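Peer 1: Each chain, written out:
Number of protein chains: 2
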Amino acid sequence: VTPYTPGEQPQRRDIIKLNTNENPYPPAPGVLALLKNMDGNLFRKYPDPDATVLVSAIAEFYGVDKNQIFCGVGSDDVLGMSFLTFFNGSKPVLFPDITYSFYDVWAGLFGIPFETPALDSGFHIRKEDYFRENGGIVIANPNAPTGVAMPLSDIREIAEKNRESVIIIDEAYVDFGGETALPLVSEFKNLLVVRTFSKSRSMAGMRIGFAIGDENLISALKRVKYSYNSYTLNMPSILLGAESVKDRKYFEETVGKIVKTRERVKHELREMGFVFGDSMTNFLFVKKPGTDAGKLFRALKDAGIYVRYFDKPVLRDYLRITIGTDEEMNRLLDFFRHAFSGGV
Amino acid sequence: VTPYTPGEQPQRRDIIKLNTNENPYPPAPGVLALLKNMDGNLFRKYPDPDATVLVSAIAEFYGVDKNQIFCGVGSDDVLGMSFLTFFNGSKPVLFPDITYSFYDVWAGLFGIPFETPALDSGFHIRKEDYFRENGGIVIANPNAPTGVAMPLSDIREIAEKNRESVIIIDEAYVDFGGETALPLVSEFKNLLVVRTFSKSRSMAGMRIGFAIGDENLISALKRVKYSYNSYTLNMPSILLGAESVKDRKYFEETVGKIVKTRERVKHELREMGFVFGDSMTNFLFVKKPGTDAGKLFRALKDAGIYVRYFDKPVLRDYLRITIGTDEEMNRLLDFFRHAFSGGV
Numbered sequence: 008v009t010p011y012t013p014g015e016q017p018q019r020r021d022i023i024k025l026n027t028n029e030n031p032y033p034p035a036p037g038v039l040a041l042l043k044n045m046d047g048n049l050f051r052k053y054p055d056p057d058a059t060v061l062v063s064a065i066a067e068f069y070g071v072d073k074n075q076i077f078c079g080v081g082s083d084d085v086l087g088m089s090f091l092t093f094f095n096g097s098k099p100v101l102f103p104d105i106t107y108s109f110y111d112v113w114a115g116l117f118g119i120p121f122e123t124p125a126l127d128s129g130f131h132i133r134k135e136d137y138f139r140e141n142g143g144i145v146i147a148n149p150n151a152p153t154g155v156a157m158p159l160s161d162i163r164e165i166a167e168k169n170r171e172s173v174i175i176i177d178e179a180y181v182d183f184g185g186e187t188a189l190p191l192v193s194e195f196k197n198l199l200v201v202r203t204f205s206k207s208r209s210m211a212g213m214r215i216g217f218a219i220g221d222e223n224l225i226s227a228l229k230r231v232k233y234s235y236n237s238y239t240l241n242m243p244s245i246l247l248g249a250e251s252v253k254d255r256k257y258f259e260e261t262v263g264k265i266v267k268t269r270e271r272v273k274h275e276l277r278e279m280g281f282v283f284g285d286s287m288t289n290f291l292f293v294k295k296p297g298t299d300a301g302k303l304f305r306a307l308k309d310a311g312i313y314v315r316y317f318d319k320p321v322l323r324d325y326l327r328i329t330i331g332t333d334e335e336m337n338r339l340l341d342f343f344r345h346a347f348s349g350g351v
Numbered sequence: 008v009t010p011y012t013p014g015e016q017p018q019r020r021d022i023i024k025l026n027t028n029e030n031p032y033p034p035a036p037g038v039l040a041l042l043k044n045m046d047g048n049l050f051r052k053y054p055d056p057d058a059t060v061l062v063s064a065i066a067e068f069y070g071v072d073k074n075q076i077f078c079g080v081g082s083d084d085v086l087g088m089s090f091l092t093f094f095n096g097s098k099p100v101l102f103p104d105i106t107y108s109f110y111d112v113w114a115g116l117f118g119i120p121f122e123t124p125a126l127d128s129g130f131h132i133r134k135e136d137y138f139r140e141n142g143g144i145v146i147a148n149p150n151a152p153t154g155v156a157m158p159l160s161d162i163r164e165i166a167e168k169n170r171e172s173v174i175i176i177d178e179a180y181v182d183f184g185g186e187t188a189l190p191l192v193s194e195f196k197n198l199l200v201v202r203t204f205s206k207s208r209s210m211a212g213m214r215i216g217f218a219i220g221d222e223n224l225i226s227a228l229k230r231v232k233y234s235y236n237s238y239t240l241n242m243p244s245i246l247l248g249a250e251s252v253k254d255r256k257y258f259e260e261t262v263g264k265i266v267k268t269r270e271r272v273k274h275e276l277r278e279m280g281f282v283f284g285d286s287m288t289n290f291l292f293v294k295k296p297g298t299d300a301g302k303l304f305r306a307l308k309d310a311g312i313y314v315r316y317f318d319k320p321v322l323r324d325y326l327r328i329t330i331g332t333d334e335e336m337n338r339l340l341d342f343f344r345h346a347f348s349g350g351v
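Taken in order, these protein sequences are the chains called U and D.
Read in order, the letters of the first sequence correspond to residues 8 to 351 in the working numbering.
Read in order, the letters of the second sequence correspond to residues 8 to 351 in the working numbering.
I should point out that these hints are in silico values taken from the structure, not numbers from a laboratory.
All the pointers check out, no bait thrown in.
No copy labels: a pair is met if it fits in one copy or bridges any two.
Distance condition first, Cα-Cα at most 35 Å in a straight line; then the derived DSBU-like pairs of lysine-lysine:
id, residue 1, residue 2
1, K256, K73
2, K273, K308
3, K253, K267
4, K273, K52
5, K52, K253
6, K308, K73
7, K98, K229
8, K264, K295
9, K229, K294
10, K302, K319
11, K73, K319
12, K267, K302
13, K52, K295
14, K73, K52
15, K302, K52
16, K43, K264
17, K264, K308
18, K134, K294
It should be emphasised that the depicted structure is a prediction, and the values quoted were computed from it without experimental measurement.
Put together the whole structure using the sequences plus the hints.
Peer 2: Given below as structure tokens:
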């Protein structure tokens with residue numbers, strides 16, 4: 008098994024960190040207040056294995072039943088456990104050739120056969136590639152690292168043509184402008200929507216992810232979870248996660264700010280000659296024809312601006328740039344202006 | 008797969024909770040102080056995937072190298088991942104018939120063949136049962152739920168006779184009086200010692216466990232971890248866990264108090280006619296000949312005193328009772344005195 012390589016976590020504080028799609032804004036004020044008042048004496052006891060207060064808060068936010076929700080240690084835990092739970096046949100699981108690069112790692116870890124239909128030249132997922140026999144389907148929507156979103160009507164068509172296998176829609180970035188597949192969950196009992204607190208909720212450091220689906224899918228996940236680790240989410244994650252979900256206003260404001268910054272940066276990068284798809288996420292996946300992306304990546308790093316670079320076929324012409332604050336993005340844009348006027 | 012059944016986590020505050028081997032004392036004062044000063048703004052970023060500050064603190068405490076340490080979400084995560092990493096041959100993994108009841112669950116989850124040699128009538132592990140071909144060995148020392156410890160010389164003999172397979176010594180309870188196998192780790196490159204913060208460090212609610220072994224074993228575990236979830240320990244676990252390890256004095260004091268209470272309770276229970284092995288843990292596994300343990304379990308529960316009862320052959324004559332504070336144990340002893348004088 009070749010492990011997944013996460014983005015760097017530099018310890019220097021002066022770095023502009025646009026490399027792991029973290030949210031530039033802090034968690035909701037209620038989260039910070041609860042942290043200050045948290046009773047550490049309680050840590051001597053095990054946490055609630057069902058994470059009830061967190062599950063209840065999520066159920067209320069999304070208007071679903073509590074037994075339609077499964078929580079894990081980040082969406083990676085939820086996705087990894089879903090691979091282990093649902094993908095154990097001999098037919099190949101399908102996911103795009105360019106997508107979240109953990110999918111093939113989990114398949115490798117658990118010995119799951121898989122095939123990876125190619126994106127089209129505009130980085131779109133071709134729905135027709137998923138209209139054939141398979142052992143499961145995984146679609147990141149919007150997709151990573153491209154940022155390109157798939158319309159809900161395409162997801163619906165894929166679901167209609169695949170009643171027999173489990174379909175996972177990884178919506179890590181959906182809050183920034185994609186169309187969620189949550190409305191399909193009651194109709195398609197085999198469709199699981201996976202979400203994370205790491206991006207739109209500014210809580211990557213707390214490791215919280217969840218899945219919403221039919222209660223039969225959720226109870227299958229729970230059986231596997233309780234066969235691996237009874238207590239996965241620790242007390243602070245459960246309590247602070249629930250508090251985060253309660254503040255819809257802050258959540259919407261924060262997401263709104265990031266979307267606004269993103270659209271401005273898109274405009275400015277286009278003016279500079281960058282080319283990219285219409286990202287619906289908190290990152291952009293950009294190339295500048297005639298520019299060596301690897302060189303640009305290293306020059307940015309030397310200047311204290313970390314972005315993500317994938318040294319792989321197709322991807323190696325691109326940089327993946329997280330949307331930070333306006334100030335951070337201005338520093339990035341200034342760097343580019345300077346570089347392209349002959350400064351690098 | 009039949010999941011493991013954890014002990015109940017009642018929400019009522021007035022319960023005397025002696026059912027999940029939690030520590031009755033709070034985490035170290037430094038942990039509580041750091042919690043109050045923790046900067047929740049940092050939660051927007053991913054945690055350090057290597058949990059460096061925690062690993063460094065553990066390395067210093069035990070005098071081992073940092074690359075000899077693997078951390079996980081409780082020792083369950085560390086053990087489960089060890090099963091997945093090391094036990095994938097066709098030969099059976101060996102562990103006792105009466106032991107931590109998660110071992111056969113993990114074996115079932117990952118399709119690992121296993122055999123379970125029987126304890127002797129005094130609940131001792133018979134070392135000779137492990138002198139034969141196998142795909143791995145798992146020994147909880149002291150054992151659960153019996154509390155009985157195995158001498159280090161027996162562990163050494165098992166290690167000497169098994170150079171080819173990975174030997175896991177699960178030392179969840181060793182701080183309360185067992186002999187650790189840590190001195191064997193440098194000599195036996197195939198021996199892994201697994202520990203938890205949930206018992207002797209009063210941090211069950213934080214979910215921290217770790218393994219110490221040869222760096223090749225540790226790097227194999229890391230490869231699997233990074234193929235499942237890059238970021239398992241969240242920021243509070245890493246920071247508060249490290250803080251806990253730094254306070255050796257509080258740790259030793261707390262453990263000392265529990266051992267003292269345990270020895271007193273042993274004496275009093277013996278006087279009442281209870282029979283049990285010489286527990287070296289923070290719990291006792293007791294029976295009272297002529298008394299229905301299941302009935303006693305339910306009567307205790309009705310009185311607000313939760314202990315653990317396993318309704319299985321051999322075990323169903325016993326209660327597993329966690330050592331709480333002196334006050335809590337007095338309430339338990341009073342209940343027994345009352346019950347056995349005809350009160351129940």
